[in-house]
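J.: Protein chains in written order, with the working numbering: chain A, 1 to 383; chain B, 1 to 287; chain C, 1 to 301.
Hints are computed from structural coordinates only; laboratory data are not their basis.
Treat the hints with care, as some may be off.
[What the hints assert, rightly or not] Ranges of calculated distance between the beta carbons of each label pair, as one might list FRET restraints:
id, chain 1, residue 1, chain 2, residue 2, range
1, A, R130, B, T242, 37 to 47 Å
2, A, G308, B, P200, 47 to 57 Å
3, B, E232, A, Q104, 47 to 57 Å
4, C, G165, B, F46, 20 to 30 Å
5, B, A268, C, T201, 19 to 29 Å
6, A, G308, C, G19, 50 to 60 Å
7, C, G156, B, Y27, 56 to 66 Å
8, B, A268, C, T72, 50 to 60 Å
9, B, F46, C, T72, 18 to 28 Å
10, C, T119, B, R195, 31 to 41 Å
11, A, Q104, B, P200, 12 to 22 Å
12, B, F46, C, W108, 29 to 39 Å
[As the list claims (entries may be wrong)] SDA-like mimics (lysine to any residue), calculated; alpha carbons at most 25 Å apart, straight line:
id, chain 1, residue 1, chain 2, residue 2
13, C, K118, B, V266
14, A, K114, B, A268
15, C, K118, B, G187
16, A, K75, A, E160
17, C, K297, C, R222
18, A, K182, A, P219
19, A, K178, A, A120
20, B, K275, C, A21
C-beta: ideal position from N, C-alpha, C; glycine also.
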Amino acid sequence: MASIEMRGLTKAYAGGVVAVNSLDLTIADGEFFALLGPSGCGKTTLLRTIAGLEQATEGSLLLNGRDVTTAPPGKRDVAMVFQDYALFPHMNVNENIAYPLRIQKVPSAERRAKAEETGAGLGLSELMERRPGQLSGGQQQRVALARAIAYRPQVFLFDEPLSNLDARLRLEARTFLKRLQKDLGVTTVFVTHDQAEALAMADRMAVMESGHIRQIGTPSEVFHRPVNVFVANFIGSTPMNLIPARVGPAGESLVVASTSLPVPTSAVGQLAEDEDVLLGSRPEYTDVSCSEGPGALRGTVAVLENLGATALVSVETGDLSVQAVVPEGEEPAIGAEAWVLPQRQRALVYRVTDGLLVSRAPDESAGAGAAPDAGSATEVASA
Amino acid sequence: MSAPTAASTRGGDGAVVGVVVRRVLFYAAISLVMAFFALPLLWLVFAPFDRTPSLTVRLPDFTLDNFRLLQDNPYALTSLRNSIFIAGTTMVLVVVFAALAAYALSRVHIPGRDGLLYALLLLSSIVTGTAAMVPIFLLMFQLNLIDSRTGVSLVLAGGLLPAAIFILKDFMDATPRSYEESARVFGASPLQVLRHVVLPIARPGLATIAVWALVNAWGDFLIAFILLRDPEKSPAGVVMYTFYTEGGQANLPLISAFSLLYAIPVVAMYLFVNKRYGFRFHGGIKS
Amino acid sequence: MAAQATSAAAPETDAAGLGKARATAFVTPALLLVGAFLVFPALWTLYLGITDYRLTGIAAADPQIVGLQNYTDALTDPQFRNALALTLLFVLGSAIVGQTVLGFSIAWSMRAVPKTVKTVVESLVLLAWILPSSIVAFLWIAYLNRDNGTLNSVLGTSGFDWLLGHPMLSIIVFNTWRGTAFSMLLFSAALNAVPPSQLETARLAGADTFAQFRDVVFPHIRGHVLTNTLLISLWTFNDFSPYLLTAGGPNHASETLPVYIYNSALYSGELGYGSAISLIMLLINLLIAVFYLRLLKDRRS
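Generate coordinates for the entire structure from the input sequences, incorporating the hints supplied.
T.: Put into structure tokens, the structure is as follows:
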């Protein structure tokens with residue numbers, strides 16, 4: 001069992017590309033931690049640096065308090081499951097699972113038995129003699145997991161663990177992985193570009209962009225209070241509405257077009273008159289009404305998308321399109337006049353100048369949950 | 001005979017006849033092509049088993065006596081042994097050196113690598129045995145490697161290596177690095193990674209290169225012809241040539257049996273590769 | 001400026017942890033062998049070509065620099081010009097016309113025949129390609145034989161000696177037979193890569209076979225045609241097997257450049273002169289190869 005601690009960790013390539021830029025991050029013992037970000041944000045490089053497959057160019061990396069910054073892979077007590085699983089095609093399932101034991105010079109009979117046992121724990125008993133090429137994607141993933149478990153590491157690293165599975169299997173594997181991690185209690189870091197995966201599985205997560213961490217927090221914190229426009233855009237299955245607004249007289253209202261909206265609770269007292277801001281409101285937290293109400297934006301219903309139990313309504317107001325989620329059966333008609341109203345308790349305000357969240361109590365904004373000492377890294381100014 | 005409706009509506013019976021005629025002409029042309037390629041080969045199939053082989057192709061008066069002649073000729077079996085030695089040595093040199101070089105070039109960024117590969121590709125295509133036969137001959141003369149079978153292998157390997165490195169590097173480039181990385185994360189040393197993971201995974205590529213080098217060295221005529229003087233050391237390709245160019249009446253029973261024996265390994269290796277790996281086509285393979 | 005790093009840009013990592021020193025050690029043996037037996041001979045030709053190096057006699061012990069003498073000798077030698085002209089004819093006839101046309105025709109027709117026919121035809125063509133050259137040379141000597149040859153009995157031209165009467169035609173047909181396999185394989189691969197959906201679209205639009213070829217197939221295989229032409233030209237240009245059939249005869253009538261080099265340098269012992277011709281050959285090879293590599297590079301980028 002181990003904690004992972006990064007101090008000023010940097011990975012720069014010879015060409016001047018900085019994939020990971022001076023990161024400070026602490027992952028607690030036993031945590032299931034997600035590194036989330038768009039492709040090219042440096043999340044995979046960070047994972048590979050933890051594994052030792054990339055050498056950090058600056059800073060230090062501690063596993064359970066031991067400095068392993070320059071230790072070669074294989075001397076870190078870290079097991080990694082690759083995106084393509086990297087099962088050796090010339091070995092059968094048993095030999096694959098037993099491979100870490102073979103390196104540790106465990107006698108052949110003993111490692112066969114141990115591989116058998118580990119495989120059985122993951123429901124692989126029937127498949128032990130097969131080659132990886134004869135397995136389905138889900139089975140391959142379990143073999144890769146079994147091989148990692150057989151290594152008995154202090155830390156698991158998963159690179160995009162679900163991306164090679166088809167949609168239905170992905171949901172199953174998500175639940176399976178989360179339970180497995182809880183059962184084993186081993187500190188686990190996984191990389192994903194899918195925000196839904198990170199929200200669903202992780203205890204805590206870090207959202208990365210361009211080699212920087214933009215926000216650290218529990219899934220709930222990151223979902224409810226994205227600290228900047230980038231995170232706000234990135235998190236959520238339907239993108240957050242970001243409505244350009246100007247702060248009204250005495251900072252007590254937000255003016256969109258000519259409509260005056262109330263200042264969201266979170267930003268009350270923090271705004272200066274005439275400041276340009278973005279009013280952020282998730283479609284799930286945006287109300288639509290067919291009758292006029294105070295502080296609602298008037299528009300016409302342009303598109304209706306059926307999401308099953310809910311529907312996504314796009315309302316055009318001036319040049320703007322605002323989206324809202326309504327329960328089934330309550331959809332307005334297309335072309336009808338409608339009023340949209342961001343829920344005041346849930347809406348957020350971002351400054352246009354730096355893209356950061358306007359917050360009444362910055363200390364409590366995010367990241368204060370599971371790991372207190374990570375709080376300082378919560379808001380990382382943009383590069 | 002029921003004509004296809006589309007044809008009869010369009011052009012009636014004339015179109016049907018046209019289709020049939022085209023089909024007949026097409027297969028006539030294919031038969032012609034088959035004959036063109038098959039006729040010269042027939043002699044090799046029949047003559048070795050004929051009691052009195054001549055240059056004419058005919059169904060043999062069956063016998064295996066011709067193969068007995070091979071034992072009496074002082075050079076026939078020796079030359080096949082020489083061919084095995086030369087082709088084997090060349091194959092080992094090419095496979096081992098090309099595999100090592102291709103792996104390193106694929107996985108480690110050595111300064112000047114791209115230029116090196118480009119230069120290799122260029123050189124291997126322009127410096128052919130024919131264009132460079134004079135300096136090669138002189139070089140081996142100076143190195144005292146005239147009349148050395150190993151010398152022949154060295155020259156052949158030098159010519160085959162660049163293409164072999166290229167093909168194997170392509171093969172390694174197409175192999176995911178995650179196999180090796182995975183093994184390393186579990187604590188395998190670099191040499192363990194090579195032994196446990198890289199070598200088994202690269203085996204089809206290595207086999208292809210091995211067969212390719214064998215076939216090329218086995219069929220070589222020119223290099224052995226200019227570098228070997230002693231008929232005791234000559235491989236089958238050169239001895240075959242002397243059999244039919246030396247003065248007097250050509251010994252057809254000997255030539256026919258010998259050429260079949262000399263041809264069989266190549267055909268066998270081709271069939272092996274074809275069955276095992278499919279005849280995968282690598283553009284530009286042939287020395 | 002925020003740096004971007006994609007996993008693809010994460011460059012070739014040393015996946016096995018080989019290290020530069022070991023990697024260099026891995027590359028060295030191959031480079032030494034290639035350097036000694038491929039690069040060095042090519043460079044040495046530059047020097048040898050300006051000497052009067054001979055295999056035997058005084059010039060063998062103490063070769064003198066004769067400057068460009070060998071080159072002027074070569075370029076004014078009617079024998080050399082004859083060889084060059086014959087080589088061009090050989091390349092044009094057997095490679096550019098013979099192998100390309102036949103190889104493409106076979107590849108094209110094999111798409112529409114039963115699998116057994118395809119297997120038989122392709123095996124025959126491949127067999128001609130893979131058999132050792134001294135065997136196929138003899139097979140052709142037998143095939144073309146004046147009195148008992150199969151060709152004469154098929155054509156009813158008994159008593160005609162093809163190798164004496166039409167030596168160039170003989171080696172051109174021989175080399176077409178021998179080398180068609182490469183073009184066939186390359187064009188089969190190229191034709192297989194033509195998307196069937198595009199052909200179907202053309203058929204739906206009412207295009208006949210010729211129009212399909214012109215509008216759909218040809219644009220796809222244009223690159224392959226060029227690749228094929230350059231490679232087989234290079235190989236045919238350097239092909240030594242005509243020597244096995246005719247040894248350049250009768251009276252130099254089929255003496256292509258490789259045969260000419262062998263006859264003048266190694267057979268008659270004029271190594272300096274032979275080197276000069278070698279260099280000319282190397283330069284022609286270089287020209288074709290550079291053209292080819294440029295093409296490859298254009299297509300990759």
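J.: Work down the list of hints and note, for each, if the structure agrees.
T.: Now the hints, each set against the structure:
| no. | hint | verdict |
| --- | --- | --- |
| 1 | A/R130 to B/T242: 37 to 47 Å | violated, 56 Å |
| 2 | A/G308 to B/P200: 47 to 57 Å | holds, 49 Å |
| 3 | B/E232 to A/Q104: 47 to 57 Å | holds, 56 Å |
| 4 | C/G165 to B/F46: 20 to 30 Å | holds, 26 Å |
| 5 | B/A268 to C/T201: 19 to 29 Å | violated, 45 Å |
| 6 | A/G308 to C/G19: 50 to 60 Å | holds, 55 Å |
| 7 | C/G156 to B/Y27: 56 to 66 Å | violated, 24 Å |
| 8 | B/A268 to C/T72: 50 to 60 Å | holds, 51 Å |
| 9 | B/F46 to C/T72: 18 to 28 Å | violated, 53 Å |
| 10 | C/T119 to B/R195: 31 to 41 Å | holds, 39 Å |
| 11 | A/Q104 to B/P200: 12 to 22 Å | holds, 20 Å |
| 12 | B/F46 to C/W108: 29 to 39 Å | holds, 32 Å |
| 13 | C/K118 to B/V266 | holds, 21 Å |
| 14 | A/K114 to B/A268 | violated, 44 Å |
| 15 | C/K118 to B/G187 | violated, 51 Å |
| 16 | A/K75 to A/E160 | holds, 23 Å |
| 17 | C/K297 to C/R222 | holds, 15 Å |
| 18 | A/K182 to A/P219 | holds, 17 Å |
| 19 | A/K178 to A/A120 | holds, 19 Å |
| 20 | B/K275 to C/A21 | violated, 40 Å |
Checked against the numbered hints above, the structure breaks hints 1, 5, 7, 9, 14, 15, 20 and satisfies the rest.
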